[in-house]
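Modelling step: build the complete structure from the supplied sequences, incorporating the hints.
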Amino acid sequence: MFGVSYIRIRKHYLHLPYLVLGALEFAVLFGTFYLLGFVLDQLGAGAGRAQTNAGAALLFALVMSCGTLAMGVYFAMVREGFASMFFRTLVAFCFLGGLALTILYMVLPNVSPGSDKLFWAVLLAIFLVTLIRQLFLKVVDSDQLARRVVIYGGGEFAESLMSDYQTNLKASGIRIMGCIPDSATPKVDSRHHLPAPTDFYRFCQQNRISEIVIAQQERRSSEGGQLPVDAFMECKLRGIDVTDAVTFYERELKKARLELVHPSWILFSDGFKASRSRDFTKRVMDLLISLSLAVLLAPVMLLTALAVVLESGFPALYSQERVGARGKVFRIYKFRSMRQDAEKDGKARWATANDARVTRVGAFIRNTRLDELPQLWNVIKGEMSFVGPRPERPEFVEQLKEQVPFYNTRHYVKPGLMGWAQLNYPYGASIEDARGKLEYDLYYSKNHSIVMDFLIMIQTVEVVLLGKGVR
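full-length UniProt numbering puts the first residue of the sequence shown at 1, with every later residue one more than the last.
If you're looking for bench data, these hints aren't it; they were derived computationally from the structure.
Any given hint could turn out to be false.
[Said to hold, decoys possible] Derived DSS-like pairs: lysine-lysine, alpha-carbon spacing no greater than 30 angstroms straight-line:
#  : residue 1 : residue 2
1  : K236      : K187
2  : K328      : K401
3  : K273      : K401
4  : K254      : K328
5  : K11       : K446
6  : K138      : K273
7  : K254      : K446
8  : K11       : K236
9  : K11       : K328
10 : K273      : K11
11 : K401      : K446
12 : K334      : K236
13 : K254      : K273
14 : K328      : K381
15 : K381      : K401
16 : K381      : K138
17 : K334      : K401
18 : K187      : K254
19 : K334      : K11
See the structure below:
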């Protein structure tokens, strides 16, 4: 049983079993490339090419591992099943990996193994990592290794947690054994009820429980809450983790469940901290990346502008007011993807699915995110960062601040071209969607770091290639 199944790297939670899987896959990729190259060299199949060396094998393993992260393979493996995982692996290895390695071999021809070695290495790597992942899921999902959890509470919070478990957590090495209701009228289905034990520690020992999650609706005794503090303290001091529900959500689903968030969580948690050194490093990184992309993608931006003008006339660009860091309003720039009369009455509207205002060129540049490229100028000016919560229009912000609790907290982080919410939540076009996205924005605001920003940038490749979150 995994006693501690996660670690924190710069405050971002990472599941330890999947880090182990990633390291194992990296070793397999390295070994596959190196040994296959060695065998082909001995057979003379690689004649005329550079001999396989550790550096070339290391480059192959690194590029393929980055492709795996970029395509969200581990997420698909847990939540979407074998077919999705295999498809993403093919894209990661054959398209992303092949393209990246081709470019790198042009720059570093001495490490190029030749097309024959690369073909067989990719083919063998796909077979081996797919086999390893299937074995891994069987091991992690087994009752012997799963982390057994019990929920204390039976109200709406516990019901919500059980629902999310059935949807998102069942295949992630967690077993929620049931709920111990804390009231006479629980909302959790009676099938999941557990009788309240007289000795919590012995109950945990007998049932191999490694964690108690407190999802109590009311904490104060005057409001009907009766938390067995002494029993939970004994469990904590004797090695059983005792966790509140908001921390459990943060750790397992990488979001802050809005119904569970209180001001004290923001005030007293170990996140939401300003850092001048982090801000300086992030600003330098923003400038380096945005200036480099502006130069490299200048021809693409020119062609995009030409396509927009040819279809629907000038202007190719449009700008809108958006709310930035600390509520400062700025103008964001995009390639125009809608008709020129999209908001002819001057009233702000959410974009909708299959929005009739979107032009044919506009649909393409939205799907490929080419319409966002002019925002590199916003990044260069310092109004936006490369990674951060997506900025909203002032008209929507005023409405959302009134209807969504803690909405304004997202404005204490500089908005970005790409964000944690965009990776994990579909396109938002309603108050309820804004609540869902805010749960991920709160997680990012609390835990963001340069390491997390790099992970988001890598994983955004999946958003672009698969057209996720586009309307």
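Could you tell me which of the numbered hints above are not met by this structure, giving the numbers in increasing order?
As far as the earlier hints go, 6, 12, 16, 19 are violated by this structure, in ascending order.
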